[in-house]
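Novice: Following the hints, put chain D in place on chain Y, whose structure we already have.
Note that the protein sequences, when read in sequence, are chains Y and D.
With the first letter of the first sequence counted as 1, position 169 gets the number 169 in our numbering; the numbers rise by one all the way through.
With the first letter of the second sequence counted as 1, position 123 gets the number 123 in our numbering; the numbers rise by one all the way through.
Fair warning: there could be bad hints in the mix.
Capping the alpha-carbon separation at 30 Å, the derived lysine-lysine pairs in DSSO-like fashion look like this [claimed, not checked]:
no., chain 1, residue 1, chain 2, residue 2
1, D, Lys35, Y, Lys15
2, D, Lys75, Y, Lys15
3, Y, Lys33, D, Lys192
4, D, Lys100, Y, Lys33
5, Y, Lys133, D, Lys122
6, Y, Lys38, D, Lys35
7, D, Lys35, Y, Lys122
8, Y, Lys75, D, Lys122
9, Y, Lys100, Y, Lys75
10, D, Lys33, Y, Lys122
11, Y, Lys100, D, Lys33
12, D, Lys38, Y, Lys15
13, D, Lys158, Y, Lys158
14, D, Lys38, Y, Lys122
15, D, Lys35, Y, Lys33
16, D, Lys35, Y, Lys35
17, D, Lys33, Y, Lys38
18, D, Lys158, Y, Lys38
19, Y, Lys35, D, Lys15
20, Y, Lys15, D, Lys122
Hints in this document: simulated from the structure, not taken from any laboratory.
There are 2 protein chains.
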Amino acid sequence: MAAPELEQLIGLLSKLPALGPRSARRAVLSLLKQKESKFAPLVASMQTVLERVQPCPVCGNMDTSTPCSVCSDLKRDSSIVCVVQDVADLWALERAGVFKGVYHVLGGVLSALDGVGPDELKIQELIERITTKNVKEIILALPASVEGQTTVHYLSDKLKDFDVNISTLSRGVPVGGELDYLDDGTLQLAFKARRNV
Amino acid sequence: MAAPELEQLIGLLSKLPALGPRSARRAVLSLLKQKESKFAPLVASMQTVLERVQPCPVCGNMDTSTPCSVCSDLKRDSSIVCVVQDVADLWALERAGVFKGVYHVLGGVLSALDGVGPDELKIQELIERITTKNVKEIILALPASVEGQTTVHYLSDKLKDFDVNISTLSRGVPVGGELDYLDDGTLQLAFKARRNV
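In isolation and in its complexed conformation, chain Y is listed as follows (with noise of 0.2 Å):
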């Protein structure tokens, strides 16, 4: 058996998304190799974000500065807030860099499955932005998903007595979309949404 400060590291570790016991033993082997080159920077930069990064108290972005770099950016059109599910989900859609308004994240989808109700959600927070600031549109850019749809119907019932436009991100063929590796959920979608070219 390893030295107990490993087999906790390697625990810890083995609990994060997407790393089980066997790849966080490989994980931390491979930085023990390289200690200076790899292990020293990965700690630092950990322990610089840990230190550093926090919510944004306006939007729920993950940043260093307070509010985050997209809601105190002067050249965004804050009147139009694009709810996203989470905040790997506003960085895609950063990254793809299409969207030159603001973000709300909600923290989840609802989800009986999952126990998430609209009290988990940060509803209230939206309803809030609606009203004090001046918000003129709504993007609702949740998975397409039945939980992430039925989001969709909850936020657009909730938010209908606002004077706001509400609009959903458009459904059907995907860029370099292949029809005969898509589901049938997607190509009946594509079809019904179909348009005059």
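Specialist: Same frame as chain Y, now just chain D:
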């Protein structure tokens, strides 16, 4: 884009085996969500391991004590040395608890493709252990791959002039192995090395 500190951490994590950029991002976000309960303990544990774990100067095992807990255990038979490719293999044998001798971590196997020659492995150190310590038996517990078996042949040739018994692990059908799922090579070996019951 996320803050530079976050991007740096994700970059460092995604260089670990078994983690890509996507799973590194998910791991970092999951840590940031549970700073006190997960992130801080992980950073502290990494710091401890970074500072205190060293390769054992005798066998190459990774441990907090020098020599390692295996080498300094007086109940173990230091006249039997089990040669393994890597520390992960040493730990696997220790978990199985089948071996009560000591180890020698080779640090890899001979591979023309990866440019690993005899000088890259701890072969000279093994010969020194045999000549200076009272070693009676060497068990070559190397992988059953082409490179592993090449290394077995090289080592048994290199060690044949010393007064030591050299053995390798047996080959055949693993415990619980369905014949239907085994490769032809294993089946062939298992037939060749069949034993009377």
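Novice: For Y:Lys15 and D:Lys122, compute the direct alpha-carbon distance and say whether it is at most 30 Å.
Specialist: Not satisfied, since the Cα-Cα distance of roughly 34 Å exceeds 30 Å.
Novice: Between D:Lys33 and Y:Lys122, is the straight-line Cα distance small enough, at 30 Å or below?
Specialist: Status holds; Cα separation ~15 Å.
Novice: So if I understand the rule, the pair passes when the alpha-carbon distance is 30 Å or less; does D:Lys35 with Y:Lys122 pass?
Specialist: Measuring from Cα to Cα gives roughly 19 Å; hence the hint holds.
Novice: Do the alpha carbons of Y:Lys133 and D:Lys122 lie within 30 Å of each other, as the hint requires?
Specialist: Status violated; Cα separation ~67 Å.
Novice: Is the Cα-Cα distance between D:Lys33 and Y:Lys38 30 Å or less?
Specialist: holds (25 Å)
Novice: CA of Y:Lys35 to CA of D:Lys15, is that 30 Å or under?
Specialist: holds (14 Å)
Novice: Y:Lys33 and D:Lys192 were given as a pair; does the straight-line alpha-carbon distance stay at or below 30 Å?
Specialist: Violated, at roughly 40 Å.
Novice: Holds or violated: D:Lys158 and Y:Lys158, Cα atoms, limit 30 Å.
Specialist: With a Cα-Cα distance of about 78 Å, the restraint between D:Lys158 and Y:Lys158 is violated, given a limit of 30 Å.
Novice: So if I understand the rule, the pair passes when the alpha-carbon distance is 30 Å or less; does Y:Lys38 with D:Lys35 pass?
Specialist: holds (23 Å)
Novice: Can you confirm whether the C-alpha distance between D:Lys158 and Y:Lys38 stays at or below 30 Å?
Specialist: violated (35 Å)
Novice: Does D:Lys33 lie within 30 Å of Y:Lys100 when you go C-alpha to C-alpha?
Specialist: Judged against 30 Å, a Cα distance of about 26 Å means the pair holds.
Novice: Is the hinted pair D:Lys35 and Y:Lys35 satisfied, with a Cα-Cα distance of at most 30 Å?
Specialist: Holds. D:Lys35 to Y:Lys35 sits at ~25 Å (cutoff 30 Å).
Checked against the numbered hints above, the structure breaks hints 2, 3, 5, 8, 13, 18 and 20 and satisfies the rest.
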